[in-house]
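Novice: What follows is each chain in one-letter form.
2 protein chains.
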Amino acid sequence: MPKIKITLPDGSVKEYHKGITAGEIAFGIGKRLGEDALIAKINGKLKDLFVPINEDSTLQIITYKDKEGLEAFRHSTAHLLAHAVVEMFPDAKPTIGPVVEEGFYYDFGIEHHFVPEDLVKIEQRMHEIVKKEYKVERIELSEGEAKKLFKNNPFKIELIQEFHEEKQPISAYKQGDFIDLCRGPHIPHTGKIKAFKLTKIASAYWRGDPKNQQLQRIYGVSFSEKSMLDAHLKQVEEAEKRDHRKIGKELEWFNFFEESPGSPFFYPKGTIIYNLLLEFIRNEYKKRGYQEVITPLLYEKSLWVTSGHWEHFKESMFVLESEGKEFALKPMNCPSHVLVYKSKSRSYKDLPLRIADFAPLHRNELSGVLAGLTRVRKMSQDDAHIFIAPEQIEEEIFRVLDFTNFIYREVFDFDYKVELSTKPEKFMGNAEGWSKAEEALKKALEKKKIAYEIKSGEGAFYGPKIDFHIKDALGRDWQLATIQLDFQLPERFEATYVGADNAKHPVVMIHRALFGSIERFIGILVEHYAGKLPLWLAPVQVRILTVADRFEKYANKINEELEKHNVRVEADSRAESVGYKVREAQHQKIPLILTVGEKEESKGTVAVRTIDNKVYFDVKVDDLLSKILKNIKEKKVKVEF
Amino acid sequence: MPKIKITLPDGSVKEYHKGITAGEIAFGIGKRLGEDALIAKINGKLKDLFVPINEDSTLQIITYKDKEGLEAFRHSTAHLLAHAVVEMFPDAKPTIGPVVEEGFYYDFGIEHHFVPEDLVKIEQRMHEIVKKEYKVERIELSEGEAKKLFKNNPFKIELIQEFHEEKQPISAYKQGDFIDLCRGPHIPHTGKIKAFKLTKIASAYWRGDPKNQQLQRIYGVSFSEKSMLDAHLKQVEEAEKRDHRKIGKELEWFNFFEESPGSPFFYPKGTIIYNLLLEFIRNEYKKRGYQEVITPLLYEKSLWVTSGHWEHFKESMFVLESEGKEFALKPMNCPSHVLVYKSKSRSYKDLPLRIADFAPLHRNELSGVLAGLTRVRKMSQDDAHIFIAPEQIEEEIFRVLDFTNFIYREVFDFDYKVELSTKPEKFMGNAEGWSKAEEALKKALEKKKIAYEIKSGEGAFYGPKIDFHIKDALGRDWQLATIQLDFQLPERFEATYVGADNAKHPVVMIHRALFGSIERFIGILVEHYAGKLPLWLAPVQVRILTVADRFEKYANKINEELEKHNVRVEADSRAESVGYKVREAQHQKIPLILTVGEKEESKGTVAVRTIDNKVYFDVKVDDLLSKILKNIKEKKVKVEF
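So the sequence lines, in the order shown, correspond to chains A and B.
Residue numbers for the first sequence follow this note's numbering, so the first one is 643 and each next one is one higher.
Residue numbers for the second sequence follow this note's numbering, so the first one is 643 and each next one is one higher.
Calculated from the structure, these hints are not laboratory results.
It cannot be assumed that every hint is accurate.
Since copy identity is lost for identical chains, a pair holds within one copy or between any two.
[As the list claims (entries may be wrong)] Taking lysine-lysine and the DSS-like style, the derived pairs with C-alpha atoms no more than 25 Å apart in a straight line are: (1) K888 <-> K986; (2) K1223 <-> K991; (3) K853 <-> K943; (4) K876 <-> K789; (5) K1195 <-> K1245; (6) K943 <-> K956; (7) K1277 <-> K928; (8) K1280 <-> K888; (9) K928 <-> K1275; (10) K991 <-> K1231; (11) K967 <-> K928; (12) K986 <-> K911; (13) K1275 <-> K1206.
As the structure is a computational prediction, the values presented were derived from the model and not from experiment.
Please model the complete structure; the sequences and the hints are all you need to start from.
Specialist: Structure, rendered in structure tokens:
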């Protein structure tokens, strides 16, 4: 039998007989790998484990630990779901069942409206199918064969027709009696799927278009081990408790109304948080040489044509007409700031010029994807554009990194990781400029001692970028700051500076937002701290509770004293029990709860209860005040006595 | 000859022969009145002086001092202009020539494009016509006669046809050979017009519609005496010097770009002014029990239908579509705040609830009427809506009056006058409620010792209101604060509160904005102070000038000291002459210019030059700092040492 050479990821080369499968090779390497194997990457392409290999190839065995393995695993669970549904509801027409963040869904054309009880039954049937350990097979089909096979499913027929017209190969996967049109790859048998849960029912439309037939969607999650599923469900439960939408509404910080989808209303307490974040950033701007501007929101089409948004971003903009001209609400500030930059001639001596703006931005997001503060139609960013000469890249990026680190690490105590995305295949400008810029970014990162991962070729076509991901208290990853070099926009607008050589040179722009959108950042903070914001950010910082009516005067005296120093304080002298008043204040997530009674009044003290439920007795009011003011000034995450 | 009885404004009744004219009666009363008379008000209607009076009538002789007299005078000057133009340009077709604020204009259909030199020549011809003292005559015409008379002027033919269809009488006025279609009344002869000036040429369209023929417009002003014209021209010149658009651009405070008509760009220095005004108002809000919210800008049509804006204000809103639904950018905050109010059940104990908002507002103003910061498409107001029970009107209005007086009189030192507009013919609600509300407003004004004029019947249909007009340094009147009671909007939205009787009652709203739009207020401040803003508002408060290079260190030391106390200061240590540097700082309208040299360094002092060009020598740096900080804290209009 002819031999072929297989190169493994560690560089070792092994000989096998022609026609061997990746699954067999995996078992050959080791039983554990054989069992963990889900799919394979052969010559850089994802394939089923059971595909025969007929030529010299590179091979990587993909397990659950790889992103691609995880996705194939979830995709196979989606097939498992469809398998169970068509067994139980023979009139159900499976449409598509993709992988999404954290899991998968499958959309069905079906008369029946799924209810939660159905999910339990479907899960049972899925477990039964798992137990049968059906082998998963791939079938290559001609257009005619495919149409015949799926003749009862108009959705699949539509897809087959499209694949045919686009000259794409048509394939299907079979497990037991269930066959689904699919590109694959899939895991080798249903028995590999063990720990899953169907989580949600939703309505959807065929191809997301409300003009099409309505479908029934079932969401699910799937893991390779039960312990992982349990951990996931626990995290979901904890995340639900911390859901910023829930907390925002309960504490009257912010809310949404159907009259303005995706556009938050910040109530008075939420507005305090919002304005404190702006004040904080503005103070940093003063120290760090940024200049704030206030710019319009509506711009004529011509600006968007010049900036390229009309061509690439129009779908996401709100467009309107006035006096026969088209205008769009701005989705980002960059073109406004280029206009400001270009309002006069700029010299190299004026650079870096750091222009900051908190203008409300609008994006015409589909109402279906809106999600609390984290996906909105209206937001403001702590946005700035820095105009520099090319030789200033390293120094200025270093400053921005310093600023970002200060906010994430020193103020909010977030862990973060950093990615540097470099020149993509299609890029603007010259390769030499790019490599100089990338070197400058690397040097700045190294000088600031920030570890980073290189995402090779993942930069935008107009420049390399640095992305920050923070980890919140539940271990979730949030992409926040982006620091983006841009050679293109200045060129589109012919934005230049006069150099020391008295000639005009194209200026370089840095786009940067550190919070990202203020709205989204507040949403993340609320979830990260489970509503228990640091003292300096809490809308109400202190509540004073009286043990009985007669201490109202003493409570008011302390209240006044704190208020005089701009502490956000309120007194609760209602004739309720202390226990009740404490619980209420805790529910309001007030960082410091003071209790005053006989002893406190006579000694000029208070009893302090922190949000972590630590209690300190006999705290002198003066000491308390100075501790509070120090904590606020230093923007500590915790209050300690 | 039959007699008729004429009742004069003082109530006296005189007998005259039938057919006497108002002009004759005026001369009969006195030569001066006869000469000042321009038109007459007979039985409440404005008439020409030369119309015979044939029955018992009331009569008021109207002179230049009356608004109607002034308007007739200007209108007659417009005829005079047209008279001169058709004599000089026989192909010119006069269209219409109305009175506008401060003067008049006339639009001509004409091939020729007027140039400034034409205006001088036309003015000369106008003076010649004045000298001829042409008698002005009124001619009543049938449709046929009118069309024959104006057969060469298609614009007039169109107007005649309209008058005819609307069954309106058709009349014309004749002076010398010039006849114009006109309702009148007019002054009795051209000799009364003495002091006028043609000020501006512009393009216009017939009936303001760009689809119609283009016309040439000439603007002019007209006064009864040369001294008045001179005073007016001087004020115009002074106003031009103070024009906020000019100052804003020169000092790089703000500017406009064609990409966003009517929407100001505030540059860094302008943004400092803007944010200081917001900070000032926010601090007052804290003291005065207002709560700020942040609200969306885009709302679905349904909200605007409920609020009534869709029916009454749609033309002025920017409307757009998303996912098949109509949305509008908000032109005002009221409906947003009603949504906030209605987000939970409110008790009488929660009232007054004062909700403040600085959201950007958009109004789809015609591009032709946009004017710097005073007429814009995008702005923010220092806007608040106060929700009260009816019995709280007096107390709450008193508080708002106190707030307004504080800002206008105590902070900005403006003179102001106040108007109270009462129940109009068509009104909402019951008359008793109105009269109680009006009484409450009067009591509040009297308690605050604010003189006011009653504008009887000029309230909005939904409630009475109080308007504030300030007078600026040039004596110009600006309408600013409006305090408006509203019974209607709460009803449209069914916004209620639970009273002490445990029943639901409709809440009353107060709309109030004290600056009005922040943008417009900044425009007015810039013109009022001619750019020389009070110290606390100046973007750069202090500039330190060195007499020679070697004092740079000393200048920087003072700079640092002031900066440490948040004074906005900069040092100018360039090797330029002090005189040059002083002039530059003065041009930048910097309130305090410090000069440092040998003597100052050795004594630890500075020489101070204020924006009024007063110079103080040997000022100790400590004294200077404490004076600056005190002045800023107290928000003084002037700096004195």
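Novice: Decide, hint by hint, whether the structure agrees.
Specialist: Hints and how they fare:
Proximity of K888 to K986 under the C-alpha cut-off of 25 Å is restricted to the inter-copy arrangement: shortest distance 16 Å between copies versus 48 Å within a copy. Taking CA atoms no more than 25 Å apart as the test, K1223 paired with K991 passes between copies only; the shortest distance there is 20 Å, against 60 Å inside one copy. Taking identical chains as interchangeable, the C-alpha atoms of K853 and K943 lie at most 25 Å apart only when they sit on different chains, with a minimum of 22 Å there against 29 Å within one chain. Neither within a single protomer nor between protomers do K876 and K789 lie at most 25 Å apart by alpha-carbon distance, with minima of 44 Å and 88 Å respectively.
Taking identical chains as interchangeable, the C-alpha atoms of K1195 and K1245 lie at most 25 Å apart only when both belong to the same chain, with a minimum of 15 Å there against 53 Å between chains. In the homo-oligomer, the alpha carbons of K943 and K956 lie at most 25 Å apart both inside one protomer (10 Å) and across protomers (22 Å), since each shortest distance falls under that limit. Taking CA atoms no more than 25 Å apart as the test, K1277 paired with K928 passes in both settings, with 18 Å inside one copy and 22 Å between copies. In the homo-oligomer, the alpha carbons of K1280 and K888 lie at most 25 Å apart inside one protomer (23 Å), although the nearest pairing across protomers, at 51 Å, exceeds that limit.
For a Cα distance limit of 25 Å, the shortest separation of K928 from K1275 qualifies both inside one copy, at 17 Å, and across copies, at 20 Å. Within a single copy, K991 and K1231 get their C-alpha atoms only as close as 50 Å, which misses the 25 Å cut-off; across copies the closest is 24 Å, which meets it. For the identical chains of this complex, K967 and K928 are neighbours neither inside a copy (39 Å) nor across copies (43 Å), given an alpha-carbon limit of 25 Å. Taking the shortest alpha-carbon separations for K986 and K911, only the inter-copy value of 15 Å comes in at or below 25 Å, while the best intra-copy value is 41 Å.
When the C-alpha separation of K1275 and K1206 is checked against a cutoff of 25 Å, the pair qualifies both within a copy, at 16 Å, and between copies, at 16 Å.
Comparing the model with each earlier hint shows violations of hints 4 and 11; every other hint is respected.
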